[in-house]
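Chain by chain, the residues run as shown.
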Amino acid sequence: MLGIKEIASYLPGKRVSNYDKKEKFDLDDDFIENKIGVKYHALKEENEKSSDLAVKAFENLTKKMSIDKELIDCCIVVTQNPDFNIPHTSAIVHGKLEFSNDCACFDISLGCSGYIYGLSNIIAFMKSNNLKNGLLFTSDPYSEIINHNDKNTDLIFGDGATVTYISKDALYIPKAFSFGTNGKAYREILCDKNLFMNGRAVFNFTATTIPKHIQKLLSDNSLEDKDIDKYILHQGSKYIVETIRKRLKVDEVKVPFDMYEYGNTVSSAVPIILEKELYDNHKRLLLSAYGIGLSWGSAILEKNSN
Amino acid sequence: MKTTVENIKEVIVEADVLGDVDEMKSDVPLSEQGIDSLDIVNVYLLLEEKFEVSIPDEDLEQVKTIDDIVTYINNKLA
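Protein chains in written order, with the working numbering: chain A, 1 to 306; chain B, 1 to 78.
Chain A on its own, in the form it takes in the complex:
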C-alpha cells in the first residue's frame, strides 16, 4: 500500500520578530504568544522562489534517507505562489533536481488545505499509473504577497517548504479522506496584488465547519476520539487551533501547536508537524487543514503494520 515513508522540511534561517511590531499594531506579549502564537516569522531571501525552497526541503530529505533520483517517477508541487505563471513549478523543481525524464510532474493550486488534497492526489495518481516513488512538495512563500501594514496577515505568515516521500514501504498509510469547499466565500481570503484576509469570516468558518467535518470523518469511519493518538491541525493561529480543539472536546496533549518560531506556512503547516510525529509510537493520526477557498480537507493515517 502506498503511503508516507518520510518527510523533510525547510524553514529559512532569517526571522522577523512580531515583538518589533507591538507599537505599530498596538499589541501586547499575551496577544502575540497566546492568541496569534507567532513570535517570529521565517523569511526567505528576496531572490528565492518556491522551487528554491522545495529544492532545499529535498536536500534535507537526502540527509534522512538514501534517494536514487533515477527512481523518482512522480513529483507534485502544491503552491499558489509559483515561480512563474507558466510553467508549473514542479517542472522547475524536476529540472533543478535532475530527475529522470520518465517522472510525471504537475502542480496543485491550493492553499492551507493543499497537503491533504496533495496526499490523496499523489497516492491515487501513483496507484492508477503504477508509479513507485513519488515526492509531494508544499512550498508557498507568502512573504511575496503580504501587505506589511495589514495586521490580519502581517503577523501570521512565514515562509517554508516540505517534501513527503511516497512509496509502498511506508510508515503511515492514509485510510480515509474527506474534503469540502465553500466557494461562495472565496473573497474572504484573496490575493489580487496583496493578500487580504477577513479574520472574522475565517474564524467563523473554522470554528463552525471544521469541528463538525472532523466529527463526521470519525463517525463515517466508526472511530472515536479515543482511537486517535494525535490531531495534526492546520496552524492558522493559536486561537483557531485552540478553538477547534475545545469544540471537539479533545485533550490538549493530543493537538500539537508549533508555529511560534516560524509562523503559518500555509500548505506546509501540517507536514512540518507530521514530520515531528512520524517516528513516535502512534497507531492512528488525524490530519485536518482549512483555509483559502474556502477549502478544507482531512485524512486519517494509520501506522503501516506490514
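Everything labelled a hint here was simulated from the structure, so no lab data went into it. One or more hints might be untrue.
In silico lysine to any residue, SDA-like type, Cα no more than 25 Å apart, as pairs [what the hints assert, rightly or not]: (1) A:Lys22 / B:Pro29; (2) A:Lys175 / A:Asn121; (3) A:Lys249 / B:Pro29.
Once you have looked at the hints, place chain B on chain A.
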C-alpha cells in the same frame, strides 16, 4: 423571553476570555475591558449560535457594549 445582561455575560464566560466577567460594566465597550479582537469575534460567533441571530459586519458598530448587545438581540428576536 427577553435577553438580559446576565445572558450575555454567560456567553462571554463561554468564550473563555481573560478576567472576571462579573466585574465587567455593561455600558463600556468590550474592547476597553480586556477583550481583544480575537475574543470579540468568538463572542459574536457564540451569540449568533446561542440566540440564532446573524450579526453582519456592518452591524458591529451597534454591538460594542453588553447593553448594546442586549438591545440588538432583543430587537432581532422581537
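Evaluated hints:
1. Proposed proximity of Lys22 of chain A and Pro29 of chain B is supported: the alpha carbons are some 22 Å apart, at most 25 Å.
2. Note on Lys175 of chain A and Asn121 of chain A: the hinted pairing holds, with a Cα-Cα distance of about 14 Å set against a maximum of 25 Å.
3. Distance check on the hinted pair: Lys249 of chain A and Pro29 of chain B sit about 31 Å apart at the alpha-carbon level, beyond 25 Å; violated.
In this structure, only the earlier hint numbered 3 is contradicted, and the remaining ones agree with it.
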